[in-house]
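Kindly produce the complete structure, drawing on both the sequences and the hints.
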Amino acid sequence: MNKTIRRASVFSLLLVLALLGRATWVQAYEGRALANDKNNRRQTIAQYAQPLGNIVVAGSPVTGSKETKGGDLAYKRSYTDGALYAAVTGYSSQAYGATQLEGIYADVLDGTDTRLKNPLSVLTGESAKPGTVLTTIDPAVQKAGYRALGKKKGAAVAIDPKTGRILGMVSTPSYDPSRIAGLTDGDAWRALTEDEDKPLVNRALRQPLPPGSTFKLVVAAAALEDGLYGSVDTATDSPNPYTLPGTRTVLRNENASAPCENATLRTALRYSCNNVFAKAAVDLGQDKVRAMAEKFGFNDKELDVPVRAYASVYPSGMDKAQTALSGIGQFDVTATPLQMAMVSAAIANDGLMASPHMVSKVVDSDGDALQTYEDGDTRRIVSSSTAEQLRSAMRTVVDEGTGTNAAIGGVEVGGKTGTAQHGENNSKTPYAWFTSYAKDPATGKEVAVAVMIEDSGAARSEVSGNGLAAPVAQKMMKAALK
Numbered sequence: 001m002n003k004t005i006r007r008a009s010v011f012s013l014l015l016v017l018a019l020l021g022r023a024t025w026v027q028a029y030e031g032r033a034l035a036n037d038k039n040n041r042r043q044t045i046a047q048y049a050q051p052l053g054n055i056v057v058a059g060s061p062v063t064g065s066k067e068t069k070g071g072d073l074a075y076k077r078s079y080t081d082g083a084l085y086a087a088v089t090g091y092s093s094q095a096y097g098a099t100q101l102e103g104i105y106a107d108v109l110d111g112t113d114t115r116l117k118n119p120l121s122v123l124t125g126e127s128a129k130p131g132t133v134l135t136t137i138d139p140a141v142q143k144a145g146y147r148a149l150g151k152k153k154g155a156a157v158a159i160d161p162k163t164g165r166i167l168g169m170v171s172t173p174s175y176d177p178s179r180i181a182g183l184t185d186g187d188a189w190r191a192l193t194e195d196e197d198k199p200l201v202n203r204a205l206r207q208p209l210p211p212g213s214t215f216k217l218v219v220a221a222a223a224l225e226d227g228l229y230g231s232v233d234t235a236t237d238s239p240n241p242y243t244l245p246g247t248r249t250v251l252r253n254e255n256a257s258a259p260c261e262n263a264t265l266r267t268a269l270r271y272s273c274n275n276v277f278a279k280a281a282v283d284l285g286q287d288k289v290r291a292m293a294e295k296f297g298f299n300d301k302e303l304d305v306p307v308r309a310y311a312s313v314y315p316s317g318m319d320k321a322q323t324a325l326s327g328i329g330q331f332d333v334t335a336t337p338l339q340m341a342m343v344s345a346a347i348a349n350d351g352l353m354a355s356p357h358m359v360s361k362v363v364d365s366d367g368d369a370l371q372t373y374e375d376g377d378t379r380r381i382v383s384s385s386t387a388e389q390l391r392s393a394m395r396t397v398v399d400e401g402t403g404t405n406a407a408i409g410g411v412e413v414g415g416k417t418g419t420a421q422h423g424e425n426n427s428k429t430p431y432a433w434f435t436s437y438a439k440d441p442a443t444g445k446e447v448a449v450a451v452m453i454e455d456s457g458a459a460r461s462e463v464s465g466n467g468l469a470a471p472v473a474q475k476m477m478k479a480a481l482k
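In my numbering, the protein residues as written are 1 to 482.
Hints should not be assumed to be uniformly reliable.
The calculated DSS-like cross-link candidates involving lysine-lysine, where the alpha carbons are at most 25 angstroms apart (straight line), are [to be verified]:
| hint | residue 1 | residue 2 |
| --- | --- | --- |
| 1 | Lys295 | Lys320 |
| 2 | Lys151 | Lys117 |
| 3 | Lys129 | Lys143 |
| 4 | Lys478 | Lys151 |
| 5 | Lys129 | Lys69 |
| 6 | Lys320 | Lys361 |
| 7 | Lys117 | Lys445 |
The set of hints was computed from the structure by calculation and includes no laboratory data.
This is how it looks when you write it as structure tokens:
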């Protein structure tokens, strides 16, 4: 063969091989990346080509799919009682993506999850029949919390202490996800995103705020576990008023006539004595308080229920004055309602914390489990003795102290109120908190609830945990125990 022809043939062969290699690369690697690109219209078309799977509460779907007219997206998401369950479901929007359970289980709900049964889909690329997400939410508890919060800006979480099942999760003001499910809902989207009350924010999970005096339960737990005080009825070394260490700032109590000087932990919780818990935090030291807070779940950046909650924070690097303020849930301490519900749940469950979760099972179209969340996956937080003493003191708060509005006839109820400062020099309306548990001796049912009222519209003088938050918790607890 002519040398020139041979070289040309070899060069042509190399070009063919290069083209084949490039085609293989595009189809096998870049093709997958292009298919999964968020800007690929075909992905959205495929997602909404069939009715989506549902999110289910107590056996009934709270989501659906609505056939669209015109356009290339055959279906869009619809919701039953959308505003009631928005903090649970999140939204699935053709234009703005998906959040909460809708986002986490998007592949299951649109049929593209590889675990779904459809052997032909591997060859054809078509979606299988979508799966279903089964939640732990109790509709009676959810409705009770939503109605009780009403027009207030706030949130509430109810947990079964023994199983960790989240029975209710409410955030207000809420929104109807159906309003932003389509492609032409720009006006509704702008109204929601520009609303200063931030209805799209799930306050139950994703807005940590100063927990105020509800955090005193954590400090009390640390004091008992460390042996700083032998019991909740041991007199403490707590001057009243208490001057913050290294400063001239005097920390006073809300109730000036309360018997807070050297008060026992029981009395200090009953009257919410700032001096007792500020002094206890300093005596323990920030490291011991932080260790107890982290046992309860503070500083956990990977708390998934399965929606990821923002971390509740107990800070580090504080001086003694700042440590004192942290002991009453101020300075840089923050918590979500979920976190404070977890504190009460662990105390109610004899010192054991069951992992909180609001999904029980994810199933395929035949009802076979793809994923199961186990109930009662527990870890020890405090001793049984410490938990028993804290429950006793919390009952005193409800029976005789600052939490009387949470009482339920014939039921054991314990709680702790909180009013947290808001704004520079406490210039804005304070936050009202209440965390609690209830046990029905007749049925054996239990529940733990935390409520945070960010803004109720009430005058500053009328803001209190007992006045605003405790009635919400009481209604949710009653619903859970029925």
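Hints versus structure:
1. Lys295 with Lys320: holds (22 angstroms)
2. Lys151 with Lys117: violated (45 angstroms)
3. Lys129 with Lys143: violated (31 angstroms)
4. Lys478 with Lys151: The given pair, whose Cα atoms are some 21 angstroms apart, holds under the 25 angstroms limit.
5. Lys129 with Lys69: Cα-Cα ~22 angstroms, so holds.
6. Lys320 with Lys361: Distance ~47 angstroms between Lys320 and Lys361 Cα, so the pair is violated.
7. Lys117 with Lys445: Given pair Lys117, Lys445 is violated - Cα atoms ~38 angstroms apart, limit 25 angstroms.
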